[in-house]
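Enquirer: Line order of the protein sequences matches chains U and D. Residue 342 in my numbering sits at position 320 of the first sequence, with consecutive numbering throughout. Residue 397 in my numbering sits at position 262 of the second sequence, with consecutive numbering throughout.
Simulated from the structure, these hints should not be mistaken for laboratory data. It should be emphasised that the depicted structure is a prediction, and the values quoted were computed from it without experimental measurement. No residue lacks a Cβ here, since even glycine has one placed at the ideal position from N, Cα and C. Honestly, I wouldn't trust all of these hints.
Covered stretches of chain U (in silico footprint by chain D; criterion: 3 or more residues with CB under 8 Å from a CB of chain D, positions within the stretch not fixed) [claimed, not checked]:
no.	stretch
1	42 to 48
2	140 to 147
3	152 to 161
This is what each chain is made of:
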Amino acid sequence: MITHPDQHQAASQSTPPPPLLEVKNLTTEFSTYAGTLRAVDGVSLSLSPGEVFGVVGESGSGKSVTALSIMGLIRRPGRIVSGSVQLRDHGDLLTKSHADMRKIRGDLISMIFQEPMTSLNPVFRVGWQIAEALRLHRNMTKPEAAEQAVELLDRVGIGSPRQRAREFPHQLSGGMRQRVMIAMAMACAPSLLLADEPTTALDVTVQAQILDLMIQLKDRDGAAILLITHDMGVIAEMAQKVAVMYAGVVMEEAAVGDLFDNPMHPYTQGLLDSIPHGTSRGKALKAIPGIVPNLLHLPTGCRYRDRCPAAHAPCARAEPPLHQMSGTTHRVRCWLHHPEPPK
Amino acid sequence: MSDISAKQSELAEAAPDIPARQSLFARLRKNRLSLFGGFLVLISVFMALSAPYLPLQDPNAVDTSVRLSAIGTPGHLLGTDELGRDIMSRLFWGARITLTVSLAATLIAMITGTILGLVSGYFLGWTDTVISRGVDVLMAFPYFLLALTVIAILGPGLLNGMLAIALVNVPFFARIIRGSTLSLRESDFVLAAKGMGAGHTRILFRHILLNSLSTLVVATTINLGFMITAAAALSFLGLGVQPPTSDWGTMLASGRQYLSAAPHTSYLPGLAIFLTVLGFNLLGDGLRDALDPRMRDS
Numbered sequence: 023m024i025t026h027p028d029q030h031q032a033a034s035q036s037t038p039p040p041p042l043l044e045v046k047n048l049t050t051e052f053s054t055y056a057g058t059l060r061a062v063d064g065v066s067l068s069l070s071p072g073e074v075f076g077v078v079g080e081s082g083s084g085k086s087v088t089a090l091s092i093m094g095l096i097r098r099p100g101r102i103v104s105g106s107v108q109l110r111d112h113g114d115l116l117t118k119s120h121a122d123m124r125k126i127r128g129d130l131i132s133m134i135f136q137e138p139m140t141s142l143n144p145v146f147r148v149g150w151q152i153a154e155a156l157r158l159h160r161n162m163t164k165p166e167a168a169e170q171a172v173e174l175l176d177r178v179g180i181g182s183p184r185q186r187a188r189e190f191p192h193q194l195s196g197g198m199r200q201r202v203m204i205a206m207a208m209a210c211a212p213s214l215l216l217a218d219e220p221t222t223a224l225d226v227t228v229q230a231q232i233l234d235l236m237i238q239l240k241d242r243d244g245a246a247i248l249l250i251t252h253d254m255g256v257i258a259e260m261a262q263k264v265a266v267m268y269a270g271v272v273m274e275e276a277a278v279g280d281l282f283d284n285p286m287h288p289y290t291q292g293l294l295d296s297i298p299h300g301t302s303r304g305k306a307l308k309a310i311p312g313i314v315p316n317l318l319h320l321p322t323g324c325r326y327r328d329r330c331p332a333a334h335a336p337c338a339r340a341e342p343p344l345h346q347m348s349g350t351t352h353r354v355r356c357w358l359h360h361p362e363p364p365k
Numbered sequence: 136m137s138d139i140s141a142k143q144s145e146l147a148e149a150a151p152d153i154p155a156r157q158s159l160f161a162r163l164r165k166n167r168l169s170l171f172g173g174f175l176v177l178i179s180v181f182m183a184l185s186a187p188y189l190p191l192q193d194p195n196a197v198d199t200s201v202r203l204s205a206i207g208t209p210g211h212l213l214g215t216d217e218l219g220r221d222i223m224s225r226l227f228w229g230a231r232i233t234l235t236v237s238l239a240a241t242l243i244a245m246i247t248g249t250i251l252g253l254v255s256g257y258f259l260g261w262t263d264t265v266i267s268r269g270v271d272v273l274m275a276f277p278y279f280l281l282a283l284t285v286i287a288i289l290g291p292g293l294l295n296g297m298l299a300i301a302l303v304n305v306p307f308f309a310r311i312i313r314g315s316t317l318s319l320r321e322s323d324f325v326l327a328a329k330g331m332g333a334g335h336t337r338i339l340f341r342h343i344l345l346n347s348l349s350t351l352v353v354a355t356t357i358n359l360g361f362m363i364t365a366a367a368a369l370s371f372l373g374l375g376v377q378p379p380t381s382d383w384g385t386m387l388a389s390g391r392q393y394l395s396a397a398p399h400t401s402y403l404p405g406l407a408i409f410l411t412v413l414g415f416n417l418l419g420d421g422l423r424d425a426l427d428p429r430m431r432d433s
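Just chain U, with the same shape it has in the complex (with noise of 0.2 Å):
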């Protein structure tokens, strides 16, 4: 029996590892009094293990929320309501008991979030903080914890492990703070990482150490990570592959390099013309016009279509889908660039 050539090579294709997070159709609802908003709306993304995945957009696009949504972390009035979050070898995430949830959060999955100066508890010794995240999945004693706590310390760079260990969380600066963080989330060697947007809230110098020490421990370990910022620049440097958000749904999404170089869609155009340039001294800086809509009144059509320079008629009647290039994993959500747009 002779192989097709063309069966022959998509069994080859089909070979590749299964992705280790799949995100489809995910949409978080929040209900508020002025109406039902939807946060997320019919967000995918899929993760391989070993990758940086970065997600982009203003304050307000989703995804802060699309992480939350990924840990199972939605709080009342917000609601997960349709979509599923596939983890490999765990299953649909949001089917899970809250018990099998707390399993899985802090040891598979561990979340770094924006703001070092209050998230960890300010009555605990850092310590012990860490060693708590050791207790929760790993069964270890008070003693081995703490040992273990001291040498995660160690690990994300921190001077004088041991000495630190005891101290309070007011007591470090909030580099330091964020590096405890990174070590609480990294203590059982999760597969993924979600990281809410880790660098903001320090200063620039600060800021390229953290990254660094995320990718160290990454290489290490071989997680994953979900990085979430508002800062091109930190996408540039880390991730492999770029989601941008834009008022809770992905406009674009390309692999890092292609989204630099050839970007698609007018708002991803629209934040990279906004980074200052060594050429732009002495100009005023660029800025998308408008703000963000309002989730509870999104215009008809493209939800860009407000503040979009190349808006025209097709925008108004119909919102574009998330179409992917042909040849390329390169998809946008613009007219513009979709075969058949409404006439």
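Guided by the hints, dock chain D onto chain U, whose structure is given.
Expert: Relative to the frame of chain U, chain D by itself:
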């Protein structure tokens, strides 16, 4: 990266050795007023503890030949009451009852109120509705009327009096703890703890409760002072401790009838109540400052 952390560790080692934390007492000592409060509390605690071991007369020994003798009478340093009982001895033995009753009542109220407050503030929804409305009902009664009602149902006596004033004070703790739970449950570190896989019990009784602890300590010490007056008031009305046992409240009540002839029979127990309550309040304030982790370094 590695040379940065090396530099950091050099810096840390070069820094002078700052004591990681001062003892609670050392921090408390800086506040003279609360130190004075602590001193007053210590005196009454000493009186309560030492009563059986000191060469005091029998507090209930009646001797009508020395009725209402003045302060400084030989053999009766603080005088005697209307039945000729030694006031000093009765103050010492009365401290035992007064302090035990108020301490036990405070503990009962604190534990019950704290659990109710934590649960209602954390879970919200119908749990909160049920608990908070129950607390509101308790608070709607004038507090002494409620205590009297409880005693009317259970009957007068030491234990029932204690339960009555404990019940009256449950809303005080439930409200305070519910309030701090409401704000703490939204804090980033609670979210971070959830993200680490901590369950409700751990979050409630470690992360939230320990952050409310300084509030709770202050509330408890101030409430202790209040409980002492409440216990004394019940005894004053004859609904608490029953004769022949007596506490400061009953002493005050019996001395009242001889206010003009022998004022010391009422002002001595009155003074004891006043100073102890003052002591607990001053101590409570000082403890709040001393327990605040943000003030530890200053």
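Enquirer: For each hint, tell me whether it holds in the structure or not.
Expert: Status of the hints after comparison with the structure:
1. 42 to 48: Violated: only 0 residues of the stretch 42 to 48 of chain U have a Cβ under 8 Å from chain D.
2. 140 to 147: Three-residue rule met by the stretch 140 to 147 of chain U, so holds; n is 7.
3. 152 to 161: holds (count 4)
Checked against the numbered hints above, the structure violates only hint 1.
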